[in-house]
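Turn these sequences into a full structure, and let the hints steer you where they fit.
There are 2 protein chains.
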Amino acid sequence: MLTFEALSKTFSEFIGTYSFPSEPKQLYDPVRYIMSLGGKRIRPLLALAAYNIYHDNVEKANHAAMTVEVFHNFSLLHDDIMDNAFKRRGKDAVHIKYDENSAILSGDVMMIWSYKLLEDYTANIVDIYKVFTKTSIEVCEGQRMDMDFETREEVSILEYIEMITLKTSVLLGAALKMGALVADASKQDQSHLYEFGKNVGIAFQIQDDVLDTYGDEATFGKRIGGDILQKKKTFLYLKSLELLSESQVERLKSLFALDYTIVNEATHIEEVRNLYNKAFVNVHADETKLVYQQLAFSHLDAISVNKEKTEILRSFAEKLLNRKV
Amino acid sequence: MLTFEALSKTFSEFIGTYSFPSEPKQLYDPVRYIMSLGGKRIRPLLALAAYNIYHDNVEKANHAAMTVEVFHNFSLLHDDIMDNAFKRRGKDAVHIKYDENSAILSGDVMMIWSYKLLEDYTANIVDIYKVFTKTSIEVCEGQRMDMDFETREEVSILEYIEMITLKTSVLLGAALKMGALVADASKQDQSHLYEFGKNVGIAFQIQDDVLDTYGDEATFGKRIGGDILQKKKTFLYLKSLELLSESQVERLKSLFALDYTIVNEATHIEEVRNLYNKAFVNVHADETKLVYQQLAFSHLDAISVNKEKTEILRSFAEKLLNRKV
Numbered sequence: 001m002l003t004f005e006a007l008s009k010t011f012s013e014f015i016g017t018y019s020f021p022s023e024p025k026q027l028y029d030p031v032r033y034i035m036s037l038g039g040k041r042i043r044p045l046l047a048l049a050a051y052n053i054y055h056d057n058v059e060k061a062n063h064a065a066m067t068v069e070v071f072h073n074f075s076l077l078h079d080d081i082m083d084n085a086f087k088r089r090g091k092d093a094v095h096i097k098y099d100e101n102s103a104i105l106s107g108d109v110m111m112i113w114s115y116k117l118l119e120d121y122t123a124n125i126v127d128i129y130k131v132f133t134k135t136s137i138e139v140c141e142g143q144r145m146d147m148d149f150e151t152r153e154e155v156s157i158l159e160y161i162e163m164i165t166l167k168t169s170v171l172l173g174a175a176l177k178m179g180a181l182v183a184d185a186s187k188q189d190q191s192h193l194y195e196f197g198k199n200v201g202i203a204f205q206i207q208d209d210v211l212d213t214y215g216d217e218a219t220f221g222k223r224i225g226g227d228i229l230q231k232k233k234t235f236l237y238l239k240s241l242e243l244l245s246e247s248q249v250e251r252l253k254s255l256f257a258l259d260y261t262i263v264n265e266a267t268h269i270e271e272v273r274n275l276y277n278k279a280f281v282n283v284h285a286d287e288t289k290l291v292y293q294q295l296a297f298s299h300l301d302a303i304s305v306n307k308e309k310t311e312i313l314r315s316f317a318e319k320l321l322n323r324k325v
Numbered sequence: 001m002l003t004f005e006a007l008s009k010t011f012s013e014f015i016g017t018y019s020f021p022s023e024p025k026q027l028y029d030p031v032r033y034i035m036s037l038g039g040k041r042i043r044p045l046l047a048l049a050a051y052n053i054y055h056d057n058v059e060k061a062n063h064a065a066m067t068v069e070v071f072h073n074f075s076l077l078h079d080d081i082m083d084n085a086f087k088r089r090g091k092d093a094v095h096i097k098y099d100e101n102s103a104i105l106s107g108d109v110m111m112i113w114s115y116k117l118l119e120d121y122t123a124n125i126v127d128i129y130k131v132f133t134k135t136s137i138e139v140c141e142g143q144r145m146d147m148d149f150e151t152r153e154e155v156s157i158l159e160y161i162e163m164i165t166l167k168t169s170v171l172l173g174a175a176l177k178m179g180a181l182v183a184d185a186s187k188q189d190q191s192h193l194y195e196f197g198k199n200v201g202i203a204f205q206i207q208d209d210v211l212d213t214y215g216d217e218a219t220f221g222k223r224i225g226g227d228i229l230q231k232k233k234t235f236l237y238l239k240s241l242e243l244l245s246e247s248q249v250e251r252l253k254s255l256f257a258l259d260y261t262i263v264n265e266a267t268h269i270e271e272v273r274n275l276y277n278k279a280f281v282n283v284h285a286d287e288t289k290l291v292y293q294q295l296a297f298s299h300l301d302a303i304s305v306n307k308e309k310t311e312i313l314r315s316f317a318e319k320l321l322n323r324k325v
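From first to last, the protein sequence lines are chains D and R.
Residue numbers for the first sequence follow our numbering, beginning at 1 and rising by one.
Residue numbers for the second sequence follow our numbering, beginning at 1 and rising by one.
Quick caveat, the hints were computed from the structure, so don't treat them as lab data.
Each hint should be verified, as a subset may be incorrect.
Which copy is meant is left open, so a pair is good if it fits within one copy or across any two.
Claimed, not checked - Pairs of lysine-lysine, BS3-like flavour, derived with a Cα cap of 25 angstroms:
id : residue 1 : residue 2
1  : K231      : K9
2  : K40       : K222
3  : K25       : K233
4  : K40       : K116
5  : K116      : K130
6  : K60       : K134
7  : K232      : K25
8  : K232      : K222
9  : K25       : K231
10 : K87       : K278
11 : K130      : K25
12 : K87       : K25
13 : K25       : K134
14 : K91       : K9
15 : K116      : K91
16 : K309      : K40
17 : K9        : K40
18 : K134      : K116
19 : K130      : K60
Shown next, in the form of structure tokens:
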């Protein structure tokens with residue numbers, strides 16, 4: 001069993017030597033650029049860690065790990081165009097550094113490249129393609145739901161959970177399942193690893209919603225209140241609508257109306273947060289997060305190997321979810 | 001052996017009953033829309049015809065045929081955004097009928113869906129994925145070269161041929177090869193069918209360049225002179241640069257300069273066409289087309305089956321290339 005740091009080093013070395021074609025330069029330069037911006041590399045590490053439960057030669061899972069990382073960066077690249085986001089990981093987004101057409105086309109080739117990375121696997125190859133295809137389609141569906149929610153009046157908490165599940169969580173599950181498939185793990189283990197990753201992802205996203213409003217700017221790394229300023233229908237917003245009085249709901253809705261102009265950002269964030277506080281919505285969010293977190297760990301515990309073999313995934317998830325359970 | 005009409009009917013019936021998911025509606029409506037616009041369905045018919053050389057139950061190749069058709073429409077959809085084209089097959093382009101974000105995201109899901117369509121094949125599945133992935137990457141590379149040529153001073157005829165090969169011709173080859181792979185044809189036959197399709201594609205594109213300038217508006221279906229007005233570096237333009245005198249080349253280049261403003265469209269087309277005529281460039285284009293056409297048919301002749309089995313592909317290509325050889 002490798003440590004988390006050793007897995008991280010394995011993938012760093014792989015990605016450091018992996019090269020995309022040199023030509024056409026204007027097609028692959030944006031690919032190299034977004035891949036060089038770094039990030040936490042959570043998904044590839046999950047793939048390697050899942051493989052490492054069963055075998056030592058983790059290098060064998062590098063290509064599957066790279067598939068999910070390239071796909072993830074493709075989705076960020078196209079999302080940044082759609083969201084009109086200027087920055088990605090503190091640097092210019094691809095459509096800003098290059099141009100929008102380059103961002104569309106280089107994103108397309110990344111999507112296809114993520115399939116190419118799989119083509120040298122032989123064992124379970126059909127199942128590997130299937131889980132990757134299913135997941136990729138779901139990520140698009142989740143992004144569409146997210147876009148649709150912006151202009152929709154009524155969104156239920158259940159719909160919200162479905163959206164974040166598709167948009168962000170299934171890819172964590174797929175990364176683990178693909179690692180397990182490369183390792184030729186049992187169907188049961190594949191499924192438990194998938195559910196573990198998916199539920200960690202849901203818990204993580206709910207936590208992200210909380211931190212965006214209640215976090216510490218220094219450690220969160222993003223501006224606090226960003227979701228509120230963007231009028232995003234987060235867990236906090238949707239749950240508050242369920243819990244507040246009629247007049248409070250009316251006020252909250254008016255503050256999130258698409259045609260409402262925010263005059264003073266700090267005051268606006270403060271007023272929304274006060275309404276959230278009245279609903280004790282962060283407590284509800286923490287509880288919901290815990291439900292998914294516990295579900296995740298119950299799937300991890302159900303895997304048919306010695307507990308120590310899954311310890312690294314357990315501690316990684318705890319670190320991600322920033323809480324010891 | 002089925003007739004061309006019978007193959008066409010087979011695929012029409014398949015596509016008529018094939019359904020994309022109903023939800024999210026705003027993700028799949030644009031997919032249904034572009035798929036409903038029709039078109040000649042050349043690529044899926046090539047896949048079915050290749051399969052039919054070896055087996056009668058052509059329905060088995062429907063999914064592979066659909067893969068190339070969905071991929072082709074994905075590429076049109078994203079190209080229309082990049083080219084800022086308003087119309088597609090006489091109707092609003094997807095990014096006009098819906099919006100640009102919808103066009104990006106629905107294009108993405110079509111790209112992935114084209115992989116999904118392959119997942120029930122078992123024989124040669126790895127090779128099917130490989131040729132499709134390789135081809136899809138090449139189509140992106142060809143589109144990038146096409147975009148790069150717009151702003152590049154010097155483009156050679158060879159580079160132009162490479163661009164059209166990647167952008168449009170390899171997909172015809174891949175359609176045939178995928179049909180052959182589903183049919184479990186020999187490696188040699190797969191390769192001959194691929195080369196046949198690729199070279200027909202190159203010949204077809206050169207013919208398309210000629211028709212765009214010299215065709216009959218009624219039968220060509222597009223406005224004559226469109227390439228000239230768009231200052232496209234077509235075969236005619238590039239070959240003229242090789243053949244004209246220094247002063248004529250200078251004039252032609254100035255008419256295609258990006259900062260040159262076209263005052264009168266008809267006069268402009270006429271002046272460019274006169275320069276093309278002085279180079280007898282349509283004769284050169286016809287000769288080059290014939291080279292690729294003959295290369296295509298030599299590969300078709302090399303297939304290890306009775307001539308009658310490939311007759312339908314021969315007559316289909318002749319029809320496409322609008323000439324009896």
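For each hint, the structure was consulted:
For a Cα distance limit of 25 angstroms, the shortest separation of K231 from K9 qualifies neither inside one copy, at 39 angstroms, nor across copies, at 51 angstroms. Only within a single protomer do K40 and K222 lie at most 25 angstroms apart by alpha-carbon distance; the minimum there is 15 angstroms, versus 51 angstroms between protomers. When the C-alpha separation of K25 and K233 is checked against a cutoff of 25 angstroms, the pair qualifies only between copies, where the shortest distance is 20 angstroms, while the shortest distance within a copy is 40 angstroms. With identical chains, the CA atoms of K40 and K116 are at most 25 angstroms apart within one copy only, with a shortest distance of 23 angstroms there and 29 angstroms across copies.
Proximity of K116 and K130 under a CA criterion of 25 angstroms is satisfied in both settings, with 14 angstroms inside one chain copy and 7 angstroms between copies. With identical chains, the CA atoms of K60 and K134 are at most 25 angstroms apart both within one copy (23 angstroms) and between copies (22 angstroms). Taking identical chains as interchangeable, the C-alpha atoms of K232 and K25 lie at most 25 angstroms apart only when they sit on different chains, with a minimum of 21 angstroms there against 37 angstroms within one chain. Proximity of K232 to K222 under the C-alpha cut-off of 25 angstroms is restricted to the intra-copy arrangement: shortest distance 15 angstroms within a copy versus 45 angstroms between copies.
When the C-alpha separation of K25 and K231 is checked against a cutoff of 25 angstroms, the pair qualifies only between copies, where the shortest distance is 23 angstroms, while the shortest distance within a copy is 39 angstroms. In the homo-oligomer, the alpha carbons of K87 and K278 never lie at most 25 angstroms apart, since the shortest distance is 33 angstroms inside one protomer and 52 angstroms across protomers. Taking the shortest alpha-carbon separations for K130 and K25, only the inter-copy value of 23 angstroms comes in at or below 25 angstroms, while the best intra-copy value is 32 angstroms. Within a single copy, K87 and K25 get their C-alpha atoms as close as 23 angstroms, which meets the 25 angstroms cut-off; across copies the closest is 30 angstroms, which misses it.
Taking CA atoms no more than 25 angstroms apart as the test, K25 paired with K134 passes between copies only; the shortest distance there is 18 angstroms, against 31 angstroms inside one copy. In this assembly of identical chains, K91 and K9 lie within 25 angstroms of each other by CA distance solely inside one copy; the values are 24 angstroms within and 53 angstroms between copies. Taking identical chains as interchangeable, the C-alpha atoms of K116 and K91 are never at most 25 angstroms apart, the minima being 28 angstroms within one chain and 34 angstroms between chains. Proximity of K309 and K40 under a CA criterion of 25 angstroms is satisfied intra-copy only: 22 angstroms inside one chain copy versus 56 angstroms between copies.
In this homomeric assembly, K9 and K40 come within 25 angstroms of each other (Cα to Cα) only inside a single copy, at 12 angstroms, whereas the closest approach across copies is 52 angstroms. Both within a single protomer and between protomers do K134 and K116 lie at most 25 angstroms apart by alpha-carbon distance, with minima of 16 angstroms and 8 angstroms respectively. In this homomeric assembly, K130 and K60 come within 25 angstroms of each other (Cα to Cα) both inside a single copy, at 19 angstroms, and across copies, at 19 angstroms.
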